[in-house]
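Asker: Protein sequences, first through last, are from chains W and L. Residue numbers for the first sequence follow the working numbering, so the first one is 92 and each next one is one higher. Residue numbers for the second sequence follow the working numbering, so the first one is 751 and each next one is one higher.
Any given hint could turn out to be false.
[To be verified] Across the chosen pairs, the derived CB separations fall in these ranges: (1) Arg-1071(W) - His-830(L): 31 to 39 angstroms; (2) Ala-834(W) - Ala-934(L): 40 to 48 angstroms; (3) His-1057(W) - Ala-934(L): 53 to 61 angstroms; (4) Asp-941(L) - Arg-541(W): 17 to 25 angstroms; (5) Ile-809(W) - Trp-851(L): 24 to 32 angstroms; (6) Ala-934(L) - Asp-936(W): 43 to 51 angstroms; (7) Asp-847(L) - Leu-818(W): 16 to 24 angstroms.
[Said to hold, decoys possible] Just a few of them, taken from the derived set where beta-carbon distance is under 10 angstroms, the chain L residues facing chain W: (8) Gln-958; (9) Ser-1027; (10) Phe-1030.
Everything labelled a hint here was simulated from the structure, so no lab data went into it. Glycine included, every Cβ here is placed at the ideal spot set by N, Cα and C.
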Amino acid sequence: MLTTAERLGEFNDDLVAPFQVLEKTLKPVVTDHEWASFQNALIALTGAGWHSWEATVIALRVARTLHERLGYEQLQSSLDLSCQLADRSFKTSVAYLSLIEAWMRAELEKQVARAHALIKMLLESHPSRHNMLESAINNAWLRGQDEDSFEDWCAVVETLVPHRQLLSPFLDNREISGQIDWGFIREIGVLSPHGIPVAMSQTPLALGLVSSSLHAELKGLIVSLASRQAFEETFENLISALRLLRPLERANLIQLIEALPSVQFLPQLLEGVPKLPMDRMGVLLSWVAGLDRFLPVNKPAAEAWLAVESRSSSQTLTRLLGQVDLTDIQQPLQYLSEAISGRRLRVGACIATSDDAHFRAMPQTDGLSVLLPEIQSSFEKREDNFRIYKMALLHQLGYFEFGTFEPKSLKHTGAFTAFTAHFNRYSQPRVARAIFQILEDARVDWSLERRYRGAAQDLGIVKSVILKDLWRTEIDRTPLGYLMGLSLDADPIGDSELFVQLNTAIAPLRDAGANVDDSLTALAACYPLIADHKKGQSLSSNEHITANDTFLPPAVLEFRGELSPDIVRSNLKLAGLMDSLPVGEDEGFSIAGMPDLENLKIESIEAGDLQGGLAVMLEDMAASGIESAEELDETLIEKVEPLLSQLIDRPPDDITYLYDEWDHLMLDYRKHWCTLFEIRRMDEDPEYIENARRELRDVGTRVRRQLSMLRPEMLVKIYGMPDGEELDMVNVVDAMVDRRMGASPSDRIYVQRQRKGRDVSALFLLDMSASTDDRMTDPNDPEPDPPGLDDDEDDFGDLLAMHAEQEKGRRIIDVEKQSVMLMADALEQLGDNYAIAGFSGYGRDRVEYYLCKDFDEPYDLKARGRLGGIRPCRSTRMGPAIRHAAKRLVATESRIKALIILSDGYPQDFDYGKDRNSRQYGIRDTTVALGEARQKGVQPFCITVDQSGHDYLREMCPDQQYMVIHNIDQLPDELSKVYRSLTG
Amino acid sequence: MSEQPTGYALDDEPYYRAVGDEVEIFMAAWASRLPVLLKGPTGCGKTRFVEYMAYRLFRSDSATEHRRSLPNPLLTVACHEDLSATDLVGRFLIKGDETVWQDGPLTQSVKEGAICYLDEIVEARKDSTVLIHALTDHRRILPVEKQGVILDAHPDFLLVISYNPGYQNVLKDLKTSTRQRFIAIDFDYPDEQTEAEIIAHESGTMQQNAADLAMLGARVRNLKQHGFDEGVSTRLLIYAGQLMASGVTPIRACEVAICRAVSDEVDVQQAIGELVSTIFPVDR
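With the hints as constraints, model all of the structure from the sequences given.
Answerer: Structure, rendered in structure tokens:
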């Protein structure tokens, strides 16, 4: 029988000597039985698998110490475990024993038992994944430096054991970082194993955003979030929200979250953050206390409150702090902007995104719109906040008015990148850009002050406030700070030579005739003064002046915003090109249809990256030196047009309106929830109407006859009547004269009051949702004809049935259009004032109201063409369309205002209510909209061809105010009856 | 620029600032006795222009003795929907036991050789617009049905009508047969500088205020399509200037004379209010 040493030697000679040493040292200190077991274990390990003798080498090395420090049992079980590991892969076994050896050396032997248990557990649950085991062992070495945190780490691993897909990446993560708080991760793991990876990757980021005193609170918050659904998304949103805020505001946000009744509302609160005055804690707390009235009953209302979507919520905020919401003043500012600039610049909200180079939303313009922050609450008083808004708007408009985008000196340097190219001539283009912006801002403000005396006062106030802010901090005593101070009319500080030099350099900008070229000249004068002074240190890592640039206090940015002259110039140029184009069909544009562009060497335009695509295109144009419209050939323009119209999301001459929307769940209006575009530019198809007229001549005659029976209801004085209520003095005198002169006098000497005039305005509102493209069911369906049809109509029915045979059912939209056309023809004769509009849209941000014919507008070829051109598209968001139609009707000031809505189904839109499958939201909103219309004296009437219409129309309006048409061919007749009953 | 009573004597030269060649065109039309149609928005100076031309033709040194002696060289009729042919031509009245014929303004000017100015002609009843047809072509005659006579127009007689295409109902448009009997002079609001001159002259307010008012007018007119058709008229701007001249603060003057007057829409009013406070300084 061979000795152990000999048997080991059979595997590898290197094992013999260490074993013999061990025999001398270990054998004496253990019992014979233990020694025998130990030898067996060694043999087993060595023979466990290919190359497992390598593990034995380490085992022999570490055995003595291990026994000495942790006792025989640990030694034996470690050997057993390594044997099991070696059975799968010698490497794992080697790794395990090396770990023990390393810990022994580092006197971390306490961890051995814990690691042992952990690895055993892993081995049992994932026996075949030796790579993972190896990762775990290697990772344990990294994590085992501290006893407590190692215990937490092990617990985390144990939590993850059932989740293989989470476990592997976790164990592979070798990031050594003292920042990971394993106790915290363990807590998360207990609540949600899936939250662990997110928590690990994001927590350091989140903690880095707040001061250390808030770390405990933030961690507590994250833990409480962990058990919730969508933990990952919420956590990421939290981080983005924190990023957008200033340090103080971050602390406030955390405090505010703690004040929430439940962390389940956090997603909504985060949505609301951009609209909240995060620097005003007192206000925030009183505002959040307003939640009490909804909870625990009305959760949707509470959510809308926190997201500042409900009217009551924003009213409360506004009341609490003189805060000004852009939505409240958007319309007046829009008018103000149009009045001052004479351009159709859309005033909209700029939304801050953390992906941007600049984190805070700043006033800016792209040439097509002026964007302002959503709220303004820097000051306590409402008027002060409003002033900032107004001045920010004026400043942006000032760029246009005072020619910022029309530099003469840059005329020859490419159309689209002239400014960038100019700045690039300086050794530090960013510094040059920053200086230029300050100079140009200053010039524009001075020009504004000269031209508008009222604005000069307000500008003075704003400037002095900002200046105080600027000088308060020491960081501004930089050259750029001086320049900024000068641009804000600062008095000289001390006897700084630099200050004096800069003042001299910018003096010409104060002159009445100063233009942007003077600013560029001043840039040349100021640049050496500032750049030399800075000694080459980089101004900022960002391309534009941003909130992160320390030399700019936030208030400057709130007021002056940022300037991107090249973008504006490009957009203006393209918009000019578009205007010069005939209105073409840009329907059907798709990215797929763009391969031609590659011929123009415009590359890498990807779906969803239109902006990027345009940028590439512009670069190319600039590079190829194309400057004038003539040089751009037609095809290129055609490509640019759809791109641009995607960019500006609407043609510039649509007027937009904001409407509230009723949310039945929260029992409140969602404020300014829908944006309605009143569209005048649409496809025209006058032939459609002409054809339909010919086709439906008979019905047309009948509709006219029916309507002609309408009795006028307005009293009009008729002079020269044979009898009446009062004498017609003019005719009386004439009659007297005739009698005196011996002629026979007229007996028509009375004034009668007759019902001659009609004071009626009617608006036909057509549903043009995609579903109206459906063909109607067979008109010969078993639905019984309504009683009371005379022969005439039966004939007509036959005729139409024949038509239907031919066409296999007509489209709903066609019947709608034809019915309205017949009505319009009849109303032209009757002389009633009427309008025709269609509505459609997609989502709350784009409700489309196609105005085919306005009140007082002639029903001419154009109007008929617009009616003929109506085509089915998108969805049916009825509420805003009704509100808008009612507004238009009220403006007519007619005595009778009739709103006739033709539709083919219940109101729906993809975001009409949070639950897409629920019709309730849309129906209730429409109900409220109809109610509002009635309150304003408008008589609404709904006609639907949806056979299930009774179900919801009953809810939306009283019985006598709706009608469900069973046979679509009845529509023209029913419509004229409805019209008669409404206006007769 | 307040409305003058019909047929006033025109003793003083009315102020009129020409903005184009309208004076020359009018003179040429007068030379051939072509009827003139003045088209333009409200308050842009149509009536003042006619007064000015009447003064030049009837009161200046170059005018003939006859014309200078005419007591009422300009007869203005503000047309309204009840204005009938009788009102223009004339009627018999009873005076004591007699019936007396009373000339209407049109007959009077036809006989005397004055300018007859029918303001806002489309407002009048159809019979009265047809009446002028015979007067405005080569015949230059006015049939007076009641008296059974046909009057030949005096060589100095000229018919001028005005018409505001902006706010009229489509149903109330001028008939083609009427419209094509006139040469048409288009009026519009003057440019900013000219308007400032006019405002300063008419209202007596400071130059600076007048310039600012003119700027305000131009800016408000950018908003034409929002709830009002024509923007603010020069007349309103002058009213505002007059209020300022009599000591009302500029902002308040614009508020009462302009903001409230041009639109009923709250947002538009607010926007104009902001525009006013942008242009005029607040007294603090």
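Asker: Using the Cβ atoms, figure out if Ala-834(W) sits within 40 to 48 angstroms of Ala-934(L).
Answerer: Holds, since Ala-834(W) and Ala-934(L) (Cβ atoms, about 42 angstroms apart) stay within the stated range.
Asker: Quick check on Gln-958(L) please, does its C-beta sit within 10 angstroms of some C-beta on chain W?
Answerer: With Cβ-Cβ at 8 angstroms, under 10 angstroms, it holds.
Asker: Evaluate the given range 31 to 39 angstroms for the C-beta pair formed by Arg-1071(W) and His-830(L).
Answerer: holds (33 angstroms)
Asker: Taking the beta carbons of His-1057(W) and Ala-934(L), is their distance inside 53 to 61 angstroms?
Answerer: holds (56 angstroms)
Asker: Holds or violated: is there a CB of chain W closer than 10 angstroms to the CB of Ser-1027(L)?
Answerer: At about 5 angstroms, which falls below the 10 angstroms cut-off, the nearest Cβ of chain W leaves the hint on Ser-1027(L) intact, so it holds.
Asker: A closest beta-carbon separation below 10 angstroms is what the hint needs, so does Phe-1030(L) meet it against chain W?
Answerer: holds (5 angstroms)
Asker: Can you tell me whether the CB distance of Asp-941(L) to Arg-541(W) sits inside 17 to 25 angstroms?
Answerer: holds (20 angstroms)
Asker: Would you say the C-beta atoms of Asp-847(L) and Leu-818(W) sit inside 16 to 24 angstroms of each other?
Answerer: holds (21 angstroms)
Asker: In this structure, is the beta-carbon distance linking Ile-809(W) and Trp-851(L) contained in 24 to 32 angstroms?
Answerer: Because 27 angstroms falls inside the window, the suggested range holds.
Asker: With 43 to 51 angstroms as the target window, see if Ala-934(L) and Asp-936(W) comply at their CB atoms.
Answerer: Check passed, 47 angstroms falls within 43 to 51 angstroms.
This entry satisfies every hint, going by the numbered hints stated previously.
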